[in-house]
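Q: Protein chains in written order, with my numbering: chain A, 1 to 321; chain B, 1 to 321; chain C, 1 to 321; chain D, 1 to 321.
Watch out, some of these pointers could steer you wrong.
Given that identical chains are not distinguished, each listed pair holds provided it fits within a single copy or across any two copies.
[As the list claims (entries may be wrong)] Lysine-lysine pairs mimicking DSBU-like chemistry, simulated, CA-CA at most 35 Å apart: (1) K292 <-> K175; (2) K7 <-> K238; (3) K175 <-> K229; (4) K81 <-> K50; (5) K7 <-> K293; (6) K229 <-> K94.
Everything labelled a hint here was simulated from the structure, so no lab data went into it.
There are 4 protein chains.
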Amino acid sequence: MLESIKKIAVLTSGGDASGMNATIRAVTRYARYKSLEVIGFYEGFKGLIKDNFTILTEENVGGIIDRGGTILYSARSQEFKTEEGMAKAIDNLKKHQIDGLIVIGGDGSLRGVHDLHARGVRAVGIPATIDNDIAGTDYSIGFDTALNVIISLLSKIRDTAFSHDRLFVIEVMGKNSGLIAINAGLACAADYILIPEIEVDLVKIANSIRNHRKGKRHTLIIVAEGAAKASDVAASIKLLVGHEVRVSVLGHIQRGGFPSALDRLLAAQFGKKSVDLLLKGESDCMTAIQGKKIVSVPIEFIINNRKDISKELFQLAHILS
Amino acid sequence: MLESIKKIAVLTSGGDASGMNATIRAVTRYARYKSLEVIGFYEGFKGLIKDNFTILTEENVGGIIDRGGTILYSARSQEFKTEEGMAKAIDNLKKHQIDGLIVIGGDGSLRGVHDLHARGVRAVGIPATIDNDIAGTDYSIGFDTALNVIISLLSKIRDTAFSHDRLFVIEVMGKNSGLIAINAGLACAADYILIPEIEVDLVKIANSIRNHRKGKRHTLIIVAEGAAKASDVAASIKLLVGHEVRVSVLGHIQRGGFPSALDRLLAAQFGKKSVDLLLKGESDCMTAIQGKKIVSVPIEFIINNRKDISKELFQLAHILS
Amino acid sequence: MLESIKKIAVLTSGGDASGMNATIRAVTRYARYKSLEVIGFYEGFKGLIKDNFTILTEENVGGIIDRGGTILYSARSQEFKTEEGMAKAIDNLKKHQIDGLIVIGGDGSLRGVHDLHARGVRAVGIPATIDNDIAGTDYSIGFDTALNVIISLLSKIRDTAFSHDRLFVIEVMGKNSGLIAINAGLACAADYILIPEIEVDLVKIANSIRNHRKGKRHTLIIVAEGAAKASDVAASIKLLVGHEVRVSVLGHIQRGGFPSALDRLLAAQFGKKSVDLLLKGESDCMTAIQGKKIVSVPIEFIINNRKDISKELFQLAHILS
Amino acid sequence: MLESIKKIAVLTSGGDASGMNATIRAVTRYARYKSLEVIGFYEGFKGLIKDNFTILTEENVGGIIDRGGTILYSARSQEFKTEEGMAKAIDNLKKHQIDGLIVIGGDGSLRGVHDLHARGVRAVGIPATIDNDIAGTDYSIGFDTALNVIISLLSKIRDTAFSHDRLFVIEVMGKNSGLIAINAGLACAADYILIPEIEVDLVKIANSIRNHRKGKRHTLIIVAEGAAKASDVAASIKLLVGHEVRVSVLGHIQRGGFPSALDRLLAAQFGKKSVDLLLKGESDCMTAIQGKKIVSVPIEFIINNRKDISKELFQLAHILS
């Protein structure tokens, strides 16, 4: 079976994450080193269905390691969730004689790996999402860059908050997970962190802010978008504390930009591992980092497990603030 | 009269701007070099009324050149607009035997200089506002840093827009002036720029976007906050173009952060000039840069003139996009 | 024994590393939360001998999380290596009734922990060195920031190398260890990496460069300072390849600056752990991260073990280049 | 004559400067807007002689505004200085029916414009050199970016200098001109600045350092490469002051990277102006900014005049330090 691998495909799917390009580069270069042909489908599963692709070579993945976003583009595909769409995708993989598919993306994209595998496609996933909410891996690509972007932005906000004696509510990404909020909050010395996993007690926070404000010129409250809307939090705090509150929704800025060192190192190792997995005949699994080890995790594990937040980090952030 | 200058005061007022600290440092060090005593009032005119101050020395302005915001804090003061408040301010200046006051701030702060002068206080202003909407000077402190922050953020947004084939509406500062929007838009290759000075024709923009989108994977529309709300623009464009539109409101992030080289060079020169003006017995004027020259402009000129946007730059931005 | 802990001291020693301030903040705030008194000795063991110290409070460690370097300063102390110096240090600890000492620093500093423990002082270490060459911990504080600084600098060098069709030899830190060189080299797509652990074959590299240069406009060679001098490598490559070679010695720039998210997260967790260790009566050990776990490692282990480089990463860097 | 302009060529020459790509983009897009054809010669005059070129369109200059270096590459050409080389260059311009040439580069490149004009070629220059040593224009492209890079690096060096109580000698670019050294030195609060234009008195500096060091934990000395070698300065200061001195040679890092807002605004305006000049039949001139005005300056003026440093800024830097 192993000798059958001659040609692989790669695609990026779901929300873009910084380091996806570095991953495409690593997959391509390592696969070429292993004498494989590589094609890249554009716009994730949408391009796979539409047969929108490009040939990837050592040369045309040069110079992309520094760039945010993804040169293969990304998109969400409703059609891929239908049997018809899935069939078209598989037809295209067959047409191109693809022996293995590497999917770079988040939660939903990895389910796509599972679905394709169930229909006979050899596929492996690489976790890439700034939310870092995928079970089985300490890090997904893009998380570390997003944290670094957020702390640099919060440093700017602290400058202005400090100058004007202001309360700020800053909304960060995380629809279902407080991971970004907790890590960013701890890293940037936020005063309060609101996450979906822990019920918010605004009255308690408001009381604490009132008692805390003596001698303090800035109060930063970080809200994961899944916990509450920053503007709602700000309105409540204003009423409860009687002090003006400013809002900053970081939004898409968190996604992009120059990838961090850690995300590049992960990209290199995940890229290599994903090709090695295909070469060994593996499928229906995801590359992961556990401790310092690069391992393989069954997609089933990811589907059936939820990545928990660290309550210790959450508490520590509040102790140190 | 000139020999009477022994002690000066400095304050920062209005919205904080990056480079204010570098200006405080320059004022203090140059004044000390000229053997003057220097005190800094906290929180602008509010602190002047409340007599909230600190002594500034060569040493305690060390290490602040790199920092955004203002170590003297800033605030808005309603009381300063009353005769009673003004009287308290003047009393405090007399009590401390202040021979000259340097006000670092924007439009409203400079009017304060004028009002104090009218009541016998020797006062000069230094233009510092990220809006750069003060007549008589090519640059005010904080504008160049804000532009640099904006282009670095827009570069991140372009990464994600490009990856997802998206339209973005980005709201930047500028309540009455499109200066930030035009300059940032030209510098970061925005596709459309909406400013308060020029009536917005969304239908025309929508038509242009439709025709333009072939082969283009990102469309960036920059809106000055004074022209329209980004969310309203996005809603209209979505209806007119039939393509999803994302919104990013940059907000307070634009204010803060590590000051740019240009803002530091201005800070040094404006700081020196403002002290020299006081030493020469000048008052009711503002330091300014015109071309490469550091000059003095009467506050009256600033009050009576409006800084125009450059229509040429506005057009050029659209030609190059 | 445990109830005896009422007052602790902290110091930073050896080469400064970004994140030391965040660590001082975490130690202080967490210790205060545990109702301990905290003093900080200036300039590492030198200040401990000279009794040069400051009281650390929640307030005076505010605002330092963003700053590189160390507010407690660092220095090398020859005197500390003598019995006389050691005796003075211990006297000062006794005089201040210090129940436990936290030493933030690298290899040599951690040996100081061991030596003090041998003389009856309860002491724990926190690994902080950009070299990351301390056994028993995946990361030491400062390493991740240094990597991020290096990749941003190398991105600039690649711009100019690419424009001018140039070979560059870039010297990075690492006297005894190629860890920075390998990780930075992999993260920034260097073409060749020279490290102290693996014998350098310049002829082979030169041959490879000659064959490789067709269609390539930049060649980046990273040299750990312990492997060779960049200028020597450049001179040899120039002779062997017959193409001009430029040199860049990154030097001290690698140390400083805004700490990365990862270094701040480590700082928070190591800070807490070190205080908890002292409270539990532990001594002669170092906080460490292994996988995602914060653990304690005996100093003896650190002294007797050498942290190996990852040959896999080294090879992968060359495969992907 | 004016209607004859149908096709223009553009090239980048000399040391690369950040903003060259933004300039290529502006020239191309504005020329296309004016219905001109545009080709770009690779590697400056070398490519012009070798007929190494590419067609430039609106599309293929997309996405380059953010990138340092030059997509047209740059090189030095000895051949261009010969009559034979010059003849080949002119032949190639004729072969392609080029009606006007735009040269983006520094001093030497602008002389090339003059030489080509003397042989009947219609040519205009755009000043682009990080040295900013071209007479007749306040700014050349790349200078502002270089200053911003330098101040961010010096901020890192100050962190480590401050932590270790160190003297640093930092070498910046500037073979014949102290412009970078003065502006960077003033912007980053350097203590001493050594430039080629003013004789260096190391003994005086050493005395001042000795007196100054009380209560000061870092001393930064900036040296323009044309004034002295940093290592020589460091050796002398060490002997004279009796305190260890560290050296940092910033080198090529100063050239590259994400262009600043100001350099992009200049690029847009210089690009437009250069095309307009060709369309008006002008030649043998350079675009320039004087004050806020974009003007044209005869190349002869540039050749015959030297851009002076500002002694006022030089003194101010020392007063404020």
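Q: Now tell me if each hint is right for this structure.
A: Hints, verified against the model:
1. With identical chains, the CA atoms of K292 and K175 are at most 35 Å apart both within one copy (28 Å) and between copies (24 Å).
2. Neither within a single protomer nor between protomers do K7 and K238 lie at most 35 Å apart by alpha-carbon distance, with minima of 59 Å and 39 Å respectively.
3. With identical chains, the CA atoms of K175 and K229 are at most 35 Å apart both within one copy (11 Å) and between copies (25 Å).
4. Proximity of K81 and K50 under a CA criterion of 35 Å is satisfied intra-copy only: 14 Å inside one chain copy versus 55 Å between copies.
5. Taking identical chains as interchangeable, the C-alpha atoms of K7 and K293 lie at most 35 Å apart only when both belong to the same chain, with a minimum of 27 Å there against 39 Å between chains.
6. Taking CA atoms no more than 35 Å apart as the test, K229 paired with K94 passes in neither setting, with 46 Å inside one copy and 49 Å between copies.
Hint check: violations occur at hints 2, 6; the rest are consistent with the structure.
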